[in-house]
Amino acid sequence: MKLKIRKTAKVLIQIVTWNSHFFMENCLDSVFAQTYKDFSVLIIDNASTDKTIEFIRKKYSSFENLFILKNVQNLGFAPAHNQGFNISQSDFILVMNPDIVLQPDFLEKLMTTMKTNRRIGSCSGKLLKMKFNNSETKVKGIKTEIIDSTGLLIRKSGQAIDRGEGEEDRGQYDKVNDVFGLSGACVLYRRKALEDVKIPASKGYEYFDNDFFAYKEDVDLAWRLNLRNWRNVYVSGAMAYHFRAGAPKSKRFCQSPLINFYSFRNHLWMLIKDIHSPIFWKNIGRIFLYLSLKKTYLFFTQPRILFQSGFSFWKKFFKMIHKRRYIMRKAKARPEKINKWFV
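First residue of the sequence shown: 15, per my numbering; consecutive thereafter.
Incorrect hints may have been included.
Taking CB as the label site, the calculated pair distances span [stated by the list, open to error]: (1) 272 to 242: 29 to 37 Å; (2) 122 to 310: 43 to 51 Å; (3) 73 to 343: 42 to 50 Å; (4) 314 to 210: 42 to 50 Å; (5) 307 to 343: 32 to 40 Å; (6) 100 to 333: 17 to 25 Å; (7) 324 to 219: 23 to 31 Å; (8) 314 to 132: 45 to 53 Å.
Hints listed in this document are in silico derivations from the structure and should not be mistaken for laboratory results.
None of these values were measured; they are calculated from a predicted model.
All C-beta atoms, glycine included, are put in the ideal place defined by N, C-alpha and C.
Working from the sequences, and respecting the hints, build out all of it.
Here it is, written out as structure tokens:
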């Protein structure tokens, strides 16, 4: 991999694309309008077949701090971002989806927060939902007051959810505070924190878990940051908008077969890797109730996905056990400290 990123940039804004032409103008216009200017942009394209890369090269060719890495196949969200983590040298990396639109001061407010405490490993702001209703609004979208995420919560069942998702923003989440983690749709990571929680792989290191491919990798990384006593901070004053392509909260069970496959399998892998044994046994009833409900739903609606996810889970079961041993050997936080996040 010969791509070199401008070394002097304090922040690398890292965006993984896959047939994302529809979103790129809105996304990149908001990136280059940031009041904080010390950044480079890395687009990692997972073999798009639409006009994503052609559009970016045509419209944004004048920006010297924009770099493009084009993969010949779709590596998935986690492996593609790991490419960026491995080749960049910036002190901070803003991971964001192409369907995110930033307010102009978003990055500035996150960087201000990062400077307040060196133990802040990640931070993000208030993500609100954006809608595209008709042909007249496809380019710019409609910003709403409906919350997409104000950080990640983890239930006693082991299920991670976006705090406040679906609620109207009435100021109920206007306080800066620590959270279990931040949504991978848009989150700023400290390089030192990423290096501290990375996992050895056959080629280099994994920051997001390569085996996850997509979905739940942000929860897994947040969990590992907590285990190493890094803080994850929600910055209420930093605002961004998100067009979420997945199912709404009320219909999360009813997602596409592919999403259900990755989501269910990765949830199981995450429990194998990251949960302290005392926390597991303390919450075993709720953990198995959630798993039973999910399995029952899949059995009656998507039985093929249930068996495929189960097969995939067991195929790399011992690899996850090996990762668990590495993670737990390095863990600093005691179970009682992690357990406080379970609600």
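Can you let me know if the beta-carbon spacing of residue 100 and residue 333 is within 17 to 25 Å?
holds, 20 Å
Do the beta carbons of residue 307 and residue 343 sit within 32 to 40 Å of each other?
About 33 Å separates the Cβ atoms of residue 307 and residue 343, which means 32 to 40 Å holds.
Taking the Cβ atom of residue 272 and the Cβ atom of residue 242, is their distance within the range 29 to 37 Å?
holds, 32 Å
Hint check for residue 219 and residue 324 - Cβ pair distance inside 23 to 31 Å
holds, 29 Å
Hint says 42 to 50 Å; check whether the CB-CB distance for residue 73 and residue 343 agrees.
holds, 48 Å
Confirm or reject the claim that residue 122 and residue 310 have a C-beta distance inside 43 to 51 Å.
With a Cβ separation near 47 Å, residue 122 and residue 310 satisfy 43 to 51 Å, so the hint holds.
If I claimed the Cβ atoms of residue 314 and residue 132 lie 45 to 53 Å apart, would that claim hold in this structure?
holds, 50 Å
Holds or violated: 42 to 50 Å for the Cβ distance of residue 314 and residue 210?
holds, 43 Å
Violated hints are absent here; each numbered hint is respected by the structure.
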